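Colleague: Input sequences plus hints: build the corresponding full structure.
One line per chain: the protein sequences are A and B, in this order.
Residue numbers 1 to 431, in the working numbering, belong to the letters of the first sequence in order.
Residue numbers 432 to 649, in the working numbering, belong to the letters of the second sequence in order.
Here are the simulated DSS-like pairs of lysine-lysine, each with C-alpha atoms no more than 27 Å apart in a straight line:
#1 B:K606 - A:K286
#2 B:K535 - A:K337
#3 A:K337 - B:K536
#4 A:K240 - B:K606
#5 A:K155 - B:K459
#6 A:K242 - B:K606
#7 B:K585 - A:K240
#8 B:K481 - B:K449
#9 A:K326 - A:K363
Worth flagging that the hints you see were computed from the coordinates, not collected in a lab.
These figures come from a predicted structure and were not determined experimentally.
Single-letter residue listing:
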Amino acid sequence: MRKNHINIVVIGHVDNGKSTLAGHLIYKCGDIDKSILVENERKANKIGKGFLKYAWVLDQLYDERKRGITINISLQKIETKKFIVTIIDTPGHRDFIQNMISGSSQADVAILVVSSIHGEFEAGISNEGQTREHAILALTLGIKTIIVAVNKMDKVNYSETRYTEIKTEMQKTFKLIGYKHWEDFDYIPLSGQEGDNIIETSANTPWYNGKSLVECIDSLKVPKHPNDKPLRISIQDVYKVKGVGTVPVGRVESGELIPGMKIVFAPAGLNTEVRSIEMHHQNIEKAIQGDYIGFNIMGLCKFDLKRGYVAGDINNDAPKGCEYFKANVIIINHPTKICPGYTPTINCHTTHITCKFDKFLAKLNFRTFKVETENPTEAYNGECILIKIVPTKPLCIESFDQYPALGRFAVRDMRCTVAIGIVTEVFKKEQ
Amino acid sequence: MFVFDGCLKKLNEQLADKAYVDGFKLTKNDGAVMMQVCPMEIPAELTHVKRWLKHMQSYTLAELKALSGDCKCCSGKCEEKKAEEKVEVDLFGESESEDEEAIKKAEETRKKIAEAKAAGKKMKKVDRSMLIIHIKPWEDTTDMAAILAEVPSKVVMEGLTWGKGELQDGPFNIKFIAIACIIVDDLCSADDLCESIINAFGDEVLQNADIVTFNKCE
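Modeller: Next comes the structure, spelled out in C-alpha cells:
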C-alpha cells in the first residue's frame, strides 16, 4: 500500500530545542549515511557544541555546498511505519510565513517544542514568548492537531511533577486559544539530545505510560480527504504542450476530478471539459485532494488562463469571482498602525492581488474571536480585526470553513508579512 | 582539543592489552567512545587508540547502533564540554518591517560574514534558510537542461548560494527544474530571488519560480 505523506512543522520558542529535536528525528528515522554523521559530530565537537550535534545533521547542505555533492532533497524526509513525513524546521526568514500560508509547504500537524527547564518554559509561555504566538499561528494556518514535545527532560531529572505542571499549563493555553480538540493532544516528555521517548519509550520515564514521539506520529489519523466536498483546484502554471494543447497544472484542494468532467475557471468564468489527467508523468483516472496534477482541456489557449484561477465543477458549487469578502485579520508585524482605506497586497493560494481594507467592522478578542469594539478606526500589532475587504481585480477566494486552503491569506506590504487572515464570509459576483 | 588529552592517554593504556574498551567484546561503549574520539587529533604516540579507532571506523552506523551492552562511556569523564550558545532563531519573523531596521540588520550580518572570512574558516552563526525551488517553462519544448546549467551563473545575489539541481518530470512531458539553494535570512529576500530567476531568462521563457520547501538551515 502507498504510504500516506504528511507534513510536520516544528515550532516553539527560541532555544527550546527545535532544531536538535528535528535533527534527532531525522538521524534516527532518516537515511543518513555514517560518514556524514561522523563528520557532523566531529565538527560539532570541534567548536565545543557537542550537544548541538543533531542540529548539525540539518546543516549537511552547508557542508555539501563546499564539497559540491548533490543536495539530497530527501534529507528532510523520514519514514515511519505508516507515513512518509516531511519535517519542516521553521526558519527565521521573514518570507517564511507567507510561504507557509500560500505555498505548498502547508503543514498537517505541528510539533510544539517546549523546554521543561525552569525558567525556559515560563519565558516561552509568557506574553513576550513565542510558544503562545506559534500556537495561535498554527491554528490560523489550519493545523488542528498539535503534538507537544516537553523537551530537555534530562535536565530536570525526568521529573514527573514538572511534566504534569507543564501539561496542565499548556492545556489551559490551548483551550484559551481556541483549539477544538485540545483534550486529545499528546504530551511527550522527551530529550532531543539524549533521545528519550523519541523512537521508543524510555526507561528514564517509568511514570509515563503514553506513546513515544514516533509512535505518536504513527497514531495520527490519516489526513482526511474530504472528497464529498465540491471540487476546487488552484491553478499554479499553465503550459502549452506540443500535440496535447493547453495544460493547466495545480493542486486539488478538495473534491475529485475525473476525465470528461465539465469544469469552470473562476474568476474568469470560462467553461471547458477535461480530456485527461496526468500526475508525475502518468495518466490517472481520478485525482483527489492533495494531488498535484496537470490536465488537458478543450477549447482554451494558454493566454485564457492565469495562475491564481480556481477550477471547479460546473454543476456542484461552481467557483465564482468575489465582489468583496469579510475576514478576521491578525496584525503581526506592522511598523505603525493600519486604518480603513489601507491597500496592501494579499497573497492567497497561488495568487496575489491588491485589495482595499474597506471597512473595519469590529475589533475581536484575539482568543475567542468575540467582538470587543464595533467599528474601530485603527488597528495595531497583535490585534485581530474583522474587515470588509474589496479586491481591486477579479479574485476567487472562499471561506476558510468550507475550503481552508483557499480561505487564508497573508497580507504583504513593503515586502513583509504585515498580517495574516482567514476569510469568514464571501460575497460572490453573480455572473 | 586539550581537554581530552588526559582522557585519551587513559584510553590508550586501557587499549594497550585489550581489543575493545570493555575488554574483548565489542559493545555500545566502543561506539559511544568512538563518537567522542573521532573529532580529536590523536597524538602519534597513542598507537593503541589509533589502531582501535581504525578498526572501529570499519563498522557502519547501523552496525554500531545494533551493539549490545550498557553505555557507560568513560564513566562520565569524557563528558562533552557543554558551551552554552545563544541560537538566535527569530521564528515567524519578528524582524522589524521598517526599512532602516532591515538595512541595519543586513549590515550586521554582512559584518559577521566579513569577520568570519577574516578570521579564517570559523563561520560565525548567521541565520540561513534552505530552499528548494521549482523553475517552470511555458512550453514542453524549452531546453530546461540548458537553463539549469546557467542558473547559478546568471542568478547572483548577495547571501545566495546555489546547490545542485536536477530536471524533474511534470505531467504531459513537461520538464521542470528542481534546484536547492541557501540564503542568508537578513540579506536575501525570497521574493526577489524568484523574480530575478524569471528576469534572468525572460518571462517569455519561464513562467514561474516557486519555492516548494522553505526550511531552516542551522
